[in-house]
Amino acid sequence: MARTFMKGSEAVAEAAVRAGCRFFAGYPITPQNEVPEYFSRRLPEVGGVFVQGESEVASINMVYGAASTGVRSMTSSSSPGIALKSEGISYCAAARIPIVYTNFARGGPGVGSIQPAQMDYFEATKAAGNGGFQMIVLAPSTVQEAVDLTVKAFELADRDRNPVHILADGVIATMMEPVELPDMMPEEKVKEIRESKRKWACVGHELDYKNRAWIEPGHWLTSKQQECNEEAAAMYEEWKKKDVMVEEYMVSDADIVLTAYGISGRIAKSAVELLRKKGIKAGLIRPITLNPFPVEAFEKLDYSKVKAILDVEMSIPAQYATDVEAVVRRRCPVEKCLCSGGNIMSREAVIDAVMKIAGQEA
Amino acid sequence: MAECLYSRTKTIQEDKVSGFCPGCMHSTVMKLIGEVIDEMGIIDRTAAVLGIGCCGLQMDYMAYDNITSPHGRACAVATGMKRANPDTLYFTYQGDGDLASIGLAETVSAANRGENFTVIFINNGIYGMTGGQLAPTTLFGMKASTAPKGRIAEEHGYPMHVCETLNQLTAPQYLVRTSCNTPQNVMKTKQAIRKAFEYQLAGKGFSLVEIVTSCPTNWGLDSLKALDFLEENMLKEYPLGVVRDKG
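Protein chains in written order, with our numbering: chain A, 1 to 362; chain B, 1001 to 1247.
No lab work stands behind these hints, which were simulated from the structure alone.
Note that beta-carbon positions come from the ideal geometry of N, C-alpha and C, so glycine has one too.
Worth double-checking, as some hints may not be accurate.
[What the hints assert, rightly or not] Using C-beta positions, here's what the derived DEER-type ranges look like:
#, chain 1, residue 1, chain 2, residue 2, range
1, A, V295, B, Y1158, 56 to 64 Å
2, B, A1202, A, D208, 45 to 53 Å
3, B, E1164, A, K191, 38 to 46 Å
[To be verified] BS3-like, lysine-lysine: derived pairs with alpha carbons at most 25 Å apart:
#, chain 1, residue 1, chain 2, residue 2
4, B, K1016, A, K210
5, A, K224, B, K1016
6, B, K1031, A, K210
7, A, K199, B, K1016
8, A, K126, A, K242
9, B, K1225, B, K1031
10, A, K199, B, K1010
11, A, K336, A, K277
12, A, K210, B, K1010
Just chain A, with the same shape it has in the complex:
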């Protein structure tokens, strides 16, 4: 597949279609309006369905319904819209329905600002809805990575029968970059995936009291509810063993380790390159999965040599830093370079912060 030049939001939508997504419901919200707009043009071309829901709440519930029939289904929104979807996301997690949804995050709280931000880390990784469920959370730092992770998200969702969340931001949504798109999934494969879910899909079954489809986002029996929660918890533990994805860049000899996810990770990476040219031994740990968290990347640091870890994050107060502090356990200081409110992280600010830790003038 040749490289093409695409806007992030449209590239994600195209990647989803190529990964076999045949249903999308969404509601307009900046900065990701191109996602529903693209799907509205593209899905009918491949026999898929696009619905503009009457609300964010309705849209996620349409996706819950569509995915319950076995069709790969997706929704997308930005921060305030994602908050509204939390009800339906929790139902999908409870009923173990595979869906994919993206948050092209913007400034918050409240209506916040329409510019890019990373204010939804806790929501994505800790409490995307009621009831303590978890999802694999993927954090792309480039349009290419957003494309690749969209394909991966559908695979993981079907593997686990669980929602998968892509936490991106307004930069990824609105920036244009060269990307290599995946090949279009053959229609037979799309059908095969759908057919493989037929046993549990809510599509009607021959009269059989025991084996009908029963999509249960809750249980009358507390013992059954506990059993389901235990099964889910065991699955979350498995993720820690097999699904962690992290980029470690020039970490092995680093004495100042930057850590950041998503667009901040990309900015921090370019800061590391410039710092190295200045002779400063900087490195970067960039989680690609925010959940499961890349604990090992921090565990294997030589804390006798690492002077400090610098959290680079577009959130005030810091959120991601809390998880970093939890794994570092005071073995070295965790400093912070923050911005918020829709302001994009400045590479100069990152470099200044590192220089300050290094005890040098910028």
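Could you slot chain B onto chain A? The hints should help.
Chain B in isolation, oriented as in the chain A frame:
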């Protein structure tokens, strides 16, 4: 040789009991849905989208596929299911709080889009499972656990007429209000459900069967007095009949 005059529809699981309160009409309506599915021979391509509340009590004893929707969202969930999988007959089963209060936007929007599924709407004028709170359909003079003096227009507004409200929209195919208070009305309800299902199978779009029912437990009446109340009060506010039938 004994002749079998009546047997329970196979769409109700043989070894299960309903669990509804005495005098509740949910069990009657479910029997009718079961019989219609049985008679049409469509169990292998039928699924229910259940609202939250007493509506959901059927999930364990009916035989069809089902999904529980978040409170009020049944019409959105059914929209996704039917659009993604048009060959299956989908019906929502919702109470008045679910459909006309927390789910009003989903109900009106699905009706306005002319979504090709069926809504079975149980209107008993009160929240059942949560203990008799004020519903959009609660009558004047009907006490509720959150309206101890009963419905007051200045405070709570007026009883909502769902069929008539939806009748303002262009898209709906079939809007009908029935009850299950007499054998004749039970039969009419069954016919209405069948007609709605047939319209759906013919691809004619949105149909809604509103069934005016009693809730003896939360009305604070025994089963027979609840029937009297239904006839003397509920049916005056919610007259029975076909509100729209595009044919």
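The hints, checked one at a time:
no., hint, in the structure
1, A:V295 / B:Y1158: 56 to 64 Å, "59 Å, holds"
2, B:A1202 / A:D208: 45 to 53 Å, "28 Å, violated"
3, B:E1164 / A:K191: 38 to 46 Å, "44 Å, holds"
4, B:K1016 / A:K210, "12 Å, holds"
5, A:K224 / B:K1016, "19 Å, holds"
6, B:K1031 / A:K210, "20 Å, holds"
7, A:K199 / B:K1016, "23 Å, holds"
8, A:K126 / A:K242, "20 Å, holds"
9, B:K1225 / B:K1031, "23 Å, holds"
10, A:K199 / B:K1010, "21 Å, holds"
11, A:K336 / A:K277, "22 Å, holds"
12, A:K210 / B:K1010, "13 Å, holds"
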